[in-house]
Every structure is written in C-alpha cells, then in structure tokens.
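S.K.: Residues per chain are reported as follows:
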Amino acid sequence: MRKYIIKRLLLSVMILFCVSFIIYTILRCLPSSYVEHTAIQLSQAPGAKPYEEWLEQLNASYGMDKGILPGYLTWLSGAVRGQFGDSWKYTVPVLEKFNEVIWLSFIMGAIAFILELIIAIPLGVIAATKQYSRTDYAVTAGALVGISLPTFFFATILKLIFSVNLGWFDLYGLVGRDYAKLDAMGRLLDMGNHLVLPIATLVIVSVGSLMRYTRTNMLEVLNADYIRTARAKGLSEKKVIYQHAFRNTLIPLVTIIGGSLPGLFSGALITETLFMIPGIGYTSYEAMRIGDIPFSMFYMTFLAVLTLASNLISDIMYAVVDPRVRIAD
Amino acid sequence: MEENKQNMQEQNEQEKEPYSLNDDRRVKVLSPNAMVLQRFFRNRLAVLGLIMLLVMFVFSFIGGVISPYREDEQFYRYEDQMKEYVGVVRNNDFRYTAADGQKFDTILQAEFQLAVNNERDSFEYKGTTYEVLEEGEDLYSISADGTMLAIAAKDIVNAEGAEVSFDVKYGALKAYTNEEESFTANGKEYELDEEGNILDGETVLGYVSRFVVSSESADVVPSRVFKEELETVIDNDETEFTFVDEDGVENSYKISYDATTMTWSVKQGRETYVYDSYAKPNKEHWLGTDSNGMDMLTRLMYGGRVSLIIGFIVVIIETVLGVILGGLAGYFGKWVDMLIMRIVDIFYCIPSLPLIIILGAAMDAAKVDPSIRMLYLMLILGFLGWPAIARLVRGQILSLREQEFMTATEACGIRVSRRIFKHLIPNVIPQLIVTCTMSLGSTIIMEATLSFLGMGVKFPFASWGNIITDVNSAYVMTHYWFVWIPAGICLLIAVLGFNFVGDGLRDAFDPKMKR
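Residue numbers (this note's numbering), protein chains in the order written: chain W, 1 to 329; chain U, 1001 to 1515.
No lab work stands behind these hints, which were simulated from the structure alone. There is no bait here: all hints are sound.
The list that follows gives simulated cross-link-like pairs (lysine to any residue, SDA-like), each with its CA atoms no further than 20 Å apart:
1. U:LYS1154 - U:SER1214
2. W:LYS7 - U:TRP1335
3. W:LYS89 - U:LEU1359
4. W:LYS7 - U:MET1338
5. W:LYS7 - U:ARG1342
Throw the hints in and build the complete structure from the sequences for me.
M.R.: What follows is the structure in structure tokens.
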C-alpha cells in the first residue's frame, strides 16, 4: 500500500511538472497584453522613456525576456520555494492574495457540498428503491434538469426572483451597504445573507450528478445476489435496504466524496463571478481577463494539484473502504 | 353488441393459425438493436427528450430558413423626441411706439398706464398735459399740445423685412382694432387682410398680432405661416397640432400652457431614426428585438444553429481523437498504453475553463475575427475533451480483448486494424453513444457559458450564450425578460433533451435493465 502511494505520488509530481510546463508555454506564447499595455501607459508619462525601452525593462523584470525553458525553470525554482511572484493586477504577492480569498471560496464550497450530500443521497436511495415509480421519474428528471441548467441562466433567474422581485437579497457582492456600521454578529449575518443565492445556485446545479450517482450505485447493489439472499432470509425490507444495500452503496459514495474534497478549494469561477463574491474564482477570473501571468499561472497549477490530489484520494479511499480491493504492490 | 364482439373474437381466433409448440413464430424475435429501441421508447423521459431535441433542431435549422429576417438584420424605428421649439406669450402689456422724432420714456409710460387704469383721458407730468385718446380696444394715442407723441397698443406690428414707419403702424393698428380692411397713411392706401397682414398692393410689409413668438434656440426661426397657425391653435385652446414647413416636412408639435409665466411652450416632436432596440414582443417581432435592434426570434434560431453545430463538431473531434488514442492504448497495452495514458493524465489536469478564458482574453487583445474565433473555440474545446473518451474506450477494450472472440479473430489471422475497428470498436459503440450524447449537452453549456462571459462566440454571430449576455445590465434583466429568458429556455431544452436521450440510451443499452 505504502509503495503504491509513493509510486502514485511520484507520478503525480511528474504529471504536475508536465502540466505546469504546458500551461507556462501557452501563457508565454500569448500576446502578453498586460505588459504591452503597461509599457504604453508608462511611456506616455511626461519625460518618459520610449515604449520599446519600457517594454524591454518590464519583460526583463518579469523574466519574460528569457526563452521559454529557462523562463519556466526560473518560475519553477521560485514555485518550489513557494514564491509565485507578484500579481500584476493586485500588485501584491500571489500567495498573499490567494490566502486572502481562498477561505471564502472554501466555506462557500463546503456549505454547498454538505447541502448537496444531505439532499442527494437520500433522494438517490429513495429513487433507486422505488425504481420506475413516479418518485424515481421525478428524482431522475430533477437531477437531469439540475445538470442541464446553465449556471449563469439559473443564477440570473434566482436574482430576478429573489433580489429584484422579492428584494430579499442584494444583487451582487459579499457585504451590504451598511456593513461597516454592523457589529460582529451583524457582519456575519450580512455575509451569510449575501451567500444564500450563490450557495443555492451551486447546490442546485451540482446536486444532480451526485443524486444520479447514488441512484445508479444503489440500483447495482440492489440487483446483487446478496440482496436476494437477504430478502430470501425474510429480512424486513427496511433492514435489507438500509443495512445491506445502503452500506454497500457507501463504498463508491465515500470514494467519490473523498475525491471531491480537494475540489472544495477550487472555487466556483462562474458563480463567484456572477455574484461578484471575492473568492478565488472571481479573483482569478479578473486576473486572467487582463492576462496577469503570475496569478493565472499559480491558479492553474493550483487547480492541477487539486485534480491530482482528488484522483489520488479517491483511489486510496477505494482501497481503504472496500476490503475486497487489494492493491498489488 | 356483446354477441358481435364474441363473434369477432371467434373469427380472429379462427384466422390465427394455431402454431405448434416449437414453432418459431410463437416467439417474437427481436434483434438486439430492436430490443434496445424498444427499451428506449418505453422510457418516457427518453421519448420526451427526443421530442425536445427534434423541436430544437427544427426550430434552429428550419426556423432560420423560414424566418423572414436575416441573422444580423437591424430594424429601425422613428422615435419622437420632444424638444423645446418656441415659446409663445400673449401680450398683455402695452407696447409703446414713439412717433418719428418724439420721445416717450418710461416715466411717461407709467403715468399713461395710471391714467388708463383710472380711465382718465389726460395726465400731467412736469407741467405738460398729455392727452390720451382711446382709438380702439387696447389702442391709445398720446399727444401733447396737439402733436402726437406715441401710440400704446397691446397688439404688435411685426415688420416683414424693412422697418415699418410709425404712420403705417398707427394706421394698421387702428384699422386692426376697429376691424377695417384698409387704411391710409402718408397719403398711401394700404390694405389689411383677415390675418392681420399689412399689404402695400401685393407686398406684405408686416403683420399685426398679439402673440410674441420667441424661439428657444438660436437656429430656430419660426416662419410667419407657422406663427399664424400657432396663434389660431392657441386661440382654439388645442394642445397638439401638426405643421408642414416649406420643405414639405411634417412636424408635430405639442403645446402646453404655463399659467405662472403665462407662456405657451411649444415642443417639436423631432422624429429620430434609431435602432429599434428592446422592442416589446409584437406582431413583426414575436419575441421583440435585442439591444442592436435585431429580431430576437431569428437570433434565437441562428443562435441555436451555432450552438448545436459547435456542440456536434466539438464532440466529433473529441470522439475521433478519443477513439483512436484510447483504442491504440487499450489494444497494444505495454508502453503504448503507458505513454497514451500519461498524456491523458496530463490533459485531465489542465484546467479547461481557465485556459479557455485566458485564450479568449488573448484573442480579444489580438482582435481575432469572430468567425475564425469560433473555429478556434471548437478546436480548443475538442482538443481538451478527448481524454475522457480515450479512457472509456481504453477501459472497454482492455476487458474486451481478453475475451474469446478476440482470440478467434487472432486465430483467423485478421489484420490488426480490422481487428480493432471491426471487432473491438463496435462493441464500445453503445457506451460511446451514451457518453457522446451526454457530452453534447455539456459542450453546449460550456460554449454558452463562454459566450456569456464574452469569450466564446462573438457578435455578429448569435449563440444562445451571447444572447443572454445582455442580462449583465441589471436594467435589462428586470425590464426586458424577452431578451434573456427565451434564450435560456432554448438552452435548457436542448441540453435537457440531450441528457434525457443519453440517460435513456444508457438504460436501453444495458442488458441487465429489466424492462
């Protein structure tokens, strides 16, 4: 087991190098509008150096004058030591900005995820036990509608109904107008109020896939021989479903839940942008739009790390949860 | 009735030949494909999805042909913009005209006013007696020692061209108040017509009127005819009138009276030719128009075409790449598998949405042509999407190639390429179809999201995503539902259709499903 984990970790690191190199290459090959834009601005100041000189100086200061490979190695040597450079847009070290916004995204993601679990698992189980009943159709259709809903459209409808027509929530932002006047408790409530719609959007849009996953796995288990045996033994249906079937359904569920944990940090780019919630998603979106290479580079590497971590965790979880799975060393 | 039915049944039974027990015809034989179809059509959600898809395809591909408008046809409308044109004051003060070579200053004017108010026919000032003679209604002449000093009148003589002499003015006013048609001044005969024009033979010297028309802006010089028309309208207490000017352009005016300043302000309705933007749904535009004055319904049809075509092309690219690479990896195993699967791992880790946003921003900066941009978008989406399909194909082929029929193909000496594409791939097709249908839905959502963010399909091309972009302004969101709700619903129906059908196919292909 340990050998397997070590092997996987090494492989992940290798993949990470490749991914970050690809991302770096793509970013470097793009017309770096930000540098040029800044150079134009600086050169227009009275008595300033001409544009070409500024461009050269800026490129040198950002390590853009080197070839792609040396540039990547420079970036890598910094990144290994935890130095990702200064964000061009936010003019602070990338990690500082990251630290500032990540927790909001995490809290939002975590609340949404817990709600998803609470909604999806019971409904999925019920749908599977009553296959082809009206409930099953409703759950399946509901899950598919959730999956099919484009986030931006659903978020806008929520805004129209709850912010504009009912006036319960603000349209944008994390804090209200008189946030500064509130006490600590009031501030927390104010933020919570502003997070209701984004979290609702996240839950509705992503609850469907978990619901379907639960249903499919539950169905598979219910068709298994040991369930027939349990029924033949004369166990009550309740016992069959909740003690024999559901427990076995938990195997794939726990695997997938474990795999989604790193994803909680990735932030919801679209939802955060729509509601202007200053989490990691919105912050990176703003940075990426103006071609802020240090921040984009960091964010994309971070996402790659999260993906690798979630793959690794689900594989390990699978072996841990299911005693039948033995990993060959 | 009962009997009839029974007879019918008996007849039917007689018509049916009695099959022997082992007759094949006793069993309804269905090919596997027919069974899949049967299972599919028994699934109500799947059928609903199929109908939804059909509707969306007809809407997008045939609708665009039927629609009388083009994708980027802009519509205009005339908009009445009311602008202050002139102000009209009815003169209620005396206006004084001094005779040639005489003076009638403000003190005298005030004394005269007093005298008129007290109905005296003379007043004194600094030892001089001034005589006031009422020559008609609101027309007085003031004279001292037998010489006429001035006239005071509420009607005003407006000169047309050269200044009108005092004598003519006097005569005209006198004739006007007493409703005479001609008068003589300086031994010359002048005529006064009904509209108050002072005529010297044929030429119009000026006209008499009680209204003062002053223009609100420097470039407006109201014509004489306009003023006359305006007076009659004001006399009749009308609030609206239209007037055709010398160039034959018809303008409409609105008149409002302000009691405190006692002025009529006349506003001109200038018809401005503007884009018919955000028109409410009407007969010509069933779903109204968008911000550029384009027909919404037509945009939706063409947008659907773009969205669906992009979806299909992307999925085709994904599938071709995924099947080839996944097939190779699964069949050859060993280092080929190793290599391809590592590439898949790497592609899996590249965050696609951020990458496309960055590429989109770069294309924005480089001002890439919208049609080329659309091509890039499809290539990028397809190129980032193949690893999932490659994994699926590889997994299937890994388990299939250990089966007996593959050993048989090897024993028969069938070519490798034929073994892969003729014997292995067809067995993967069911899962492939399901995955492709589902990923059509998600690709359409992805494209719509990017277009919504302004990173995907760009104007002048329509796509369901970029139609909804207008909603970014809160005003549009709250006031013009028809701009974004229909597009969102189209998007939802199409994606839902793909997902329902995909889900139905998955169930139908699964032989374990009891249905």
